[in-house]
Amino acid sequence: MYVAVKDGKVLVAHREFDRVYDEALKKVGKGFVTGYVLSGEPFVL
Amino acid sequence: MFFRVSHLSSRLTYKIAETEFQPEVVEAVRKAYGLDIGKGCVYSVFVSFKAEGSWTDPFWMIYDTGAAVSLLPLRFFDILGVRRYAPIKLMGISSEMEIRARLTRARLRFIDAEGRKSPEIEAWVAIAERNDVPLIIGLKDVSDKHRFSTNPRLRRFYLTF
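Chains as they are written, first to last, in the working numbering: chain S, 1 to 45; chain X, 1 to 161.
Among the clues, some could well be false.
Simulated pairs of lysine-lysine, BS3-like, Cα-Cα distance not exceeding 25 Å [to be verified]:
#1 Lys117/X / Lys50/X
#2 Lys30/S / Lys50/X
#3 Lys30/S / Lys9/S
#4 Lys30/S / Lys117/X
#5 Lys117/X / Lys9/S
#6 Lys15/X / Lys117/X
#7 Lys15/X / Lys9/S
#8 Lys50/X / Lys27/S
#9 Lys15/X / Lys145/X
#10 Lys30/S / Lys6/S
#11 Lys117/X / Lys6/S
#12 Lys27/S / Lys9/S
#13 Lys26/S / Lys50/X
#14 Lys15/X / Lys39/X
#15 Lys50/X / Lys6/S
#16 Lys26/S / Lys6/S
#17 Lys6/S / Lys27/S
#18 Lys140/X / Lys117/X
#19 Lys15/X / Lys6/S
#20 Lys9/S / Lys26/S
#21 Lys15/X / Lys140/X
These aren't lab readings, by the way, just hints derived from the structure by calculation.
Just chain X, same shape as in the assembly (with noise of 0.2 Å):
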C-alpha cells in the first residue's frame, strides 16, 4: 500500500486593527482642512522564534509591506542565543535616521488567535543595537512563502501558506 504525502495548505486570519492618529496630527488636518483625519489601520500578527531547539512565546508584531527585512530590538540577541551575524546600518525615511543592526539567520513561524500555525520558516532579520524599535516582519524570505489577502468588509487579513 502507498500513501502520498501532501501538503495542505494552511489560512491564518487576522484582525486588522485601528489606530489612532498622533494628537497633534488629528489637531493639524483640522486646522489645515477643516477635516477629522480619522483612524489609522496596522496588519499585526503574532509571532513565535525557535530558540535553542524549542520556540517562544509569541510576539506581536507590525505585519510591514515596506519593510526589506524583519526588525527586532536588541533584547533578541539573547533571546535567540545568536553566535553569528553581520554587522549592518540601516536607513528609515531619510538618511539621518540611521541605526546600527546584526543581521542573522532565524526561524520563525506565524501563529493567529484561532492558534493555527505557518510552516517554520527560516528568515534573514536584523536584531537592532537599541531596544526602543519595533517588532516587524519586513518581507525578506517570507513574502514568498505565502499569500497575502485581505477583506476589508470584514476587517480581516489573511496568510495562506
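Only chain S is shown next, with the shape it has when bound in the complex (with noise of 0.2 Å):
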C-alpha cells in the first residue's frame, strides 16, 4: 500500500505507485512525501 501525505493528512493512498504519487502531484503539486507502507505501519512525519 502506497500513501501520499503532506502536512500530516493522507493526501491519497492505494496499491499502485504512480496513481498515488500522480494523484498527490495533481492535488497539491509539491511538498508531499509518497511511501511504501507495511500493514499496520504507522507513518509518523
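Put the two chains together into one complex; each comes in its own frame, and the hints tell you how they fit.
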C-alpha cells in the first residue's frame, strides 16, 4: 500500500505507486511525501 | 591566513516503526503455538532524489540491510528522467518470483524528521517494470557511505555520514 501525505494528512492511498504519486502531484503540486507502508506501519512525519 | 576544510559528520535519526502482522499470520501462530506473535518492526527512511538538477520531495523507503540494491517502482523512470539503463531481472525469495527491472545510476540523499540531510550519494538503483513494488534502499553504494546503529531502548536507529 502506498500513501501520499502532506502536513500530516493523507492525500491518496492505493496499491499502485504511480496512481498515488500522480494524484498527489495533481492535488498539491509539491511538498508531499510518498511512501510504501507495510500493514499497520504508522506513518510518522 | 589558511583555512582548513574539515568534514563534519552528520547523524540522522529515525524511529523504528512497529508493524502489525497480517491477520492470517496472527491466527496461524495462535492456533499452532497458542501465542500472540506481537508486532514486527521496520527501518524506514526519507530519501530524496536528484532529478533534472533539483531535489525531489522525500520518499518514505524501507531501509533493507538484506537488499543488495535499491528498488523503485516504474514511475521513477520518468521522475528521475532516466536516459541510460541496463535491463535486468530481479529475483525475490524464490526463483519463481522474478521481475524485470532497469538498472541505472541515481543521485540521492537521506533526510530525517528534523530535516538533517546526508551528503549526496550516487548509487545503482533498480527501477522495476511495474508500479506495485516497495520502495527499498539497498546496500549497493549506500552501505559504504555511512555507519548504521540502533538504540532498541529508545526505539531509534541512526545513520552517521
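Ascending list of hint numbers which this structure does not respect: As far as the earlier hints go, not one is violated by this structure.
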